[in-house]
Every structure is written in C-alpha cells, then in structure tokens.
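The chain contents come next:
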Amino acid sequence: MSEDEPLVSVRGLEVALPDLTRKPLFGKAPPIKILDRLDFDIGRGSILGIVGQSGSGKSTLGRTMLRLIEPTGGTIRFAGQDISHLGEAALRPFRRQAQMIFQDPMSSLNPRHRVSTIITGPLRLNGFDRVKERAAEALDHVGLPRSFLSRYPHELSGGQRQRVGIARAIAMRPQFILADEIVSGLDVSSQAQVLNLLEKLVRELDLTLAFISHDLSVIRRLCSHVMVLYRGRIVEHGPVETVFDRPQAAYTRELLDAIPLPDPNQANWLA
Amino acid sequence: MNAFLAIRNLSAILRGGSQRVLRSVDLAVEAGEVRGLVGESGAGKSMIGKAVLGILPSAVSIVEGEILLDGRNLLAMPQKERRRTIGTVAALIPQDPLTALNPSRRIGRQITDRLVDILGWTEANASARALELLDEVQIQNPQRVMASYPHELSGGMRQRVLIAAAFAANPKLIIADEPTTALDVTVQKQILKLIREMQARHGTAMLFVTHDLGVVSKVCQKLSVLYSGKVVEDRAVSEFFAEPRHAYSKALLAATPKYTDPFASLLPVDEAVIASVDAEVKAADREWRHV
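In order, the protein sequences belong to chains A and B. According to our numbering, the first sequence holds residues 247 to 517 in order. According to our numbering, the second sequence holds residues 19 to 309 in order.
Hints in this document: simulated from the structure, not taken from any laboratory. Built from N, CA and C at the ideal position, the CB exists for glycine as well. Honestly, I wouldn't trust all of these hints.
To be verified - DSS-like cross-link-like pairs, simulated, lysine-lysine; straight-line CA separation at most 30 Å:
hint : chain 1 : residue 1 : chain 2 : residue 2
1    : B       : Lys276    : A       : Lys446
2    : B       : Lys98     : B       : Lys276
3    : B       : Lys268    : A       : Lys446
4    : B       : Lys68     : B       : Lys98
5    : B       : Lys98     : B       : Lys190
As the list claims (entries may be wrong) - Far from chain A, by Cβ distances over 12 Å, these chain B residues were calculated:
hint : residue
6    : Ala21
7    : Arg26
8    : Ala61
9    : Ile80
10   : Pro168
11   : Arg214
12   : His264
13   : Glu305
Unchecked claim - Stretch-level coverage of chain B by chain A, calculated; a stretch enters the list once three of its residues show a Cβ under 8 Å from a Cβ in chain A:
hint : stretch
14   : 128 to 141
15   : 233 to 242
With the sequences and hints as input, model every part of the structure.
This is the structure in structure tokens:
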C-alpha cells in the first residue's frame with residue numbers, strides 16, 4: 247500500500263431500497279436507487295465536501311462509506327481493503343479507523359452519561375488502555391477544559407456539545423472521520439469556532455475528512471474537494487477552486503446562485 | 019413617519035426571576051416595510067415576535083413598555099379585545115411547516131379556518147379566497163392541494179401553503195419567524211422571492227426574524243441586531259452592511275462565511291467583544307433598576 251494511494255476508493259457504488267410507495271398489494275416492492283453508480287476517491291489528508299439538496303443521497307452515501315449500510319452494488323475500498331460486504335466481526339478494525347460526528351449533539355450524546363463516560367465508552371469497547379487519559383487528551387485537542395469530563399451534556403452549550411462529539415470521534419485516533427451536517431444547528435459564531443477546530447485537527451492528527459453540508463460557503467471555506475450530488479448521482483466533483491470558480495454542471499451553478507451572501511448589492515438576487 | 023408596529027421600551031422577565039429576558043426593546047416597522055430581527059439563539063428574537071402576537075409562554079411576563087399596533091397599545095387592552103385586534107390585523111409565517119400544519123386535516127380547511135372562525139366569512143367565500151391565494155403563491159393545481167393532507171406536500175409546498183394562510187385575511191402586519199431555515203438553498207430562494215413579492219403587492223409591514231445575515235441583506239430594508247434581549251444596533255440594511263456600528267454586529271458579520279471570499283479568516287465572536295457587550299447589558303440593567 248503506497249502513500250499516495252487514496253484512503254477511500256469507491257467504484258460503481260449503488261444502494262437500492264424497496265420502494266414501498268409502489269409496492270403492489272401482493273409481491274415485492276420494486277427497488278428504488280438511492281445512490282446510482284458513484285465513482286470517486288478521497289485522498290489521504292484531504293477534506294471532501296458533499297453537497298446536494300435534501301433527498302439527494304448525501305447522508306446515505308456517508309452511512310454507506312462507514313458501512314452502516316451495505317451497498318447493493320459496487321465496491322468501497324478503505325486503505326486498500328475491500329469493505330463492501332464484510333461481516334461485523336471482520337469490520338471491527340475498520341470501525342476503529344472510521345468515526346462519525348453527528349448533526350445534533352443533543353440527541354447523539356447520552357443525556358444520562360457524563361462526558362467522561364461518553365468519550366471512554368467506545369474506547370473501552372475497542373479494547374484501548376489508559377482510557378481516562380485518552381479522553382482527557384481528546385478534550386485538550388478540542389479546546390475544552392478537562393474539568394468538563396464530569397459534566398452532563400445538558401450543562402453544555404450547543405458549540406461545546408459539538409466539541410464533545412468531535413472529541414469522542416478523535417479519541418480513537420481514526421484515519422477517517424465523517425461529519426454529517428455538524429454545524430448546521432449552530433450560530434455563526436460557534437460555527438466559526440467548530441470550523442477552525444476541524445481545520446486544526448485535520449492537520450495535527452493526519453485526518454481525512456468527509457464533510458456533508460448543504461452550506462456551500464462553509465464547504466468553500468473548509469474543504470479541499472467538493473462533490474455535488476443530485477438525485478443519487480454525482481453531477482460534479484473536483485477541487486473546490488475549480489468547482490466554485492468554473493462550475494460545469496447547471497445544477498452546481500443553480501446552487502451557487504441560490505446562496506444569499508451577506509451583501510445587499512449582490513446583483514438582482516431576488517429578480 | 020407612520021410606524022404600523024411600534025414597540026417601545028419593552029421589558030420582560032421570566033416569572034419568579036428578576037433577570038430581564040427583553041431589555042427595554044425599541045423597534046418600529048412601517049407599513050410596507052420589512053424589518054429584519056437578527057441575533058444568536060437565545061437572544062430573544064422569537065420572543066419579540068411572540069410578544070406582538072400575544073403568544074408568549076406563560077413563564078414570561080412583560081413588566082414594562084408598550085406594543086402599539088396602528089397606534090393602539092395592545093398591552094393596555096382587555097384580553098378579549100387584544101386577541102381580536104391581533105387576530106384581525108396580524109399573522110404569522112412559522113418556521114417549521116410540518117409542525118405548524120395539523121397532519122390530520124386537509125390543507126383547504128386549515129387556510130379557511132381563520133377566515134370563518136375569526137372573521138365570520140361564509141364557507142363558500144372562504145374557500146374561494148383560499149383557492150385564489152394558493153394560486154397567488156404559485157401552487158399548481160390549487161383544487162387538488164386544497165383537498166390534500168400536509169404529508170402529501172413537499173417542504174417548499176407546505177411553506178407556500180403557510181404563506182397563503184398568513185396572507186388570507188389581508189393582514190397589515192406579518193411576523194415571519196425563520197420561515198426558510200428548514201429549507202434547501204434553492205427552495206429558500208424561491209420562498210424568499212415569493213414572500214417579498216406578496217409583501218410588496220399587499221403593502222404589508224413585516225418583522226422578519228432570522229439568524230442569517232445573508233437573508234436579511236436580501237429581503238429587509240431595516241434591521242435590529244439583538245443580543246441578550248437588548249437591541250444593540252438599529253439601522254437601514256444598506257448602511258449596516260457597508261459599515262456595522264456596534265462591535266458585536268461587526269463580529270457577527272465577520273463570523274458569517276462567504277463562498278466568494280474563502281480566505282477571509284472566519285473569526286468567532288471575540289471574547290473581548292462578548293465581555294464588552296455583556297458589560298453594556300449589565301450597565302443597562304443597573305440603570306433600569308434605578309429608574
């Protein structure tokens with residue numbers, strides 16, 4: 247396995263589910279394709295932004311890359327290994343390497359557990375030693391005081407909760423992190439803090455990040471590459487500079503034009 | 019200057035507490051004008067809207083000030099008169115179209131309810147008006163939508179229905195409480211455009227609550243920036259974006275990412291700014307107690 251080999255490599259990825267709205271009274275529901283023949287790579291150390299409107303398959307793609315969903319076609323290779331159809335036991339080493347940060351930190355942190363338990367839980371499950379110490383180091387990384395270990399999620403602000411979510415993900419020292427709409431519930435000020443933090447962590451911890459968002463301004467700021475999904479297909483994929491400065495797909499242009507910039511002189515925006 | 023909605027020196031506290039959650043708020047919306055109300059979560063944006071509509075949670079009580087609607091102080095009216103006044107001249111466009119619509123009733127009924135129950139229209143007149151409005155908010159096939167249930171419509175369609183319902187009784191004032199926050203950018207643009215067109219055509223005064231400065235710059239003429247229940251800046255939109263005055267407003271604008279300017283460093287609101295605006299709020303509180 248060479249250094250310049252991509253960390254994640256996806257070929258012909260398909261996910262289909264039974265379309266229950268068109269299920270006949272008797273017999274099987276016809277399949278509906280949620281993701282349709284996706285091909286892409288995520289290079290080590292890069293940050294891939296994934297955008298698209300609701301229902302375009304962003305989250306399904308994220309969950310499939312983490313093998314929370316088993317693809318119905320195509321392959322996903324992670325660090326050279328085909329993980330498309332591995333069983334749970336065989337997936338264990340991968341699970342440690344690929345972590346997720348969730349959109350809503352209130353519902354993804356157990357309200358009855360202290361921050362310490364929240365962060366050490368997955369470490370214990372994966373057989374790590376020195377779990378307390380690792381949890382404390384994770385808090386250092388996300389810029390929260392170690393005293394927060396004894397707090398409960400409801401005692402934290404939205405931005406602080408999201409940092410705990412990030413700390414839980416990095417405590418395992420993964421290679422890959424999926425962040426699914428993690429700043430969309432935050433005020434701009436906390437959003438700026440979380441984005442700056444992610445940037446720093448990717449550098450310091452050699453992370454590769456997939457960042458799902460519907461906010462193109464955030465993606466332009468954070469990501470090195472961007473992929474635009476429309477109805478389960480990739481309509482555009484490339485380095486952010488190229489896609490934002492010279493969008494090829496009509497849908498990408500439409501998305502860019504729809505963003506209200508904080509500037510009352512943006513030409514004829516509502517025209 | 020003839021403000022349709024004028025809020026003067028409005029202060030509210032949480033029942034049983036002494037801390038104010040609204041701090042001597044002054045704010046005016048003229049007929050035909052859209053005023054943005056921005057601030058971070060917990061700043062009290064929605065609370066001001068709710069105070070105007072008389073739907074504050076019971077834990078919040080207004081301790082001082084006036085809410086003038088067309089020159090008449092709502093807070094000095096008996097409860098029944100206040101509710102009738104608000105019901106006839108003001109309406110709300112809520113944030114989440116799925117929770118704002120009753121899932122078990124047809125769309126048509128949900129638009130006509132208000133016309134029939136509050137304004138005493140006949141069913142036939144109300145239905146005709148609902149059809150007309152669904153057409154005005156550019157819903158294809160309004161007949162079918164009238165007979166649909168909320169789950170049969172997309173998010174954008176539901177928001178159109180709520181806009182139609184808000185404009186149904188020709189209100190003079192509309193409170194729009196984060197009406198596009200739950201929508202995709204492309205749908206958001208269509209809905210903002212629709213709201214602005216409807217507002218301009220009907221000459222409605224509008225208080226537009228949002229946390230998105232980008233949206234404010236597109237649909238509002240004036241804006242009030244709220245911090246901790248206090249208005250820290252009240253400006254015309256064109257002046258504000260050219261040069262925000264208050265340090266907190268500046269910081270808020272600097273924290274907003276712009277895809278056209280990715281290398282501008284995204285600065286979270288500085289702790290020194292927070293400390294100074296907190297001190298300002300405290301000073302206002304001290305002065306308030308001495309009055």
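Against the structure, the hints:
no.: 1; hint: Lys276/B x Lys446/A; result: holds, 20 Å
no.: 2; hint: Lys98/B x Lys276/B; result: violated, 48 Å
no.: 3; hint: Lys268/B x Lys446/A; result: holds, 25 Å
no.: 4; hint: Lys68/B x Lys98/B; result: holds, 17 Å
no.: 5; hint: Lys98/B x Lys190/B; result: holds, 20 Å
no.: 6; hint: Ala21; result: holds, 22 Å
no.: 7; hint: Arg26; result: holds, 28 Å
no.: 8; hint: Ala61; result: violated, 9 Å
no.: 9; hint: Ile80; result: holds, 26 Å
no.: 10; hint: Pro168; result: holds, 17 Å
no.: 11; hint: Arg214; result: violated, 6 Å
no.: 12; hint: His264; result: holds, 15 Å
no.: 13; hint: Glu305; result: holds, 27 Å
no.: 14; hint: 128 to 141; result: violated (count 0)
no.: 15; hint: 233 to 242; result: holds (count 5)
The structure fails to meet hints 2, 8, 11, 14 from the earlier list, while all remaining hints are met.
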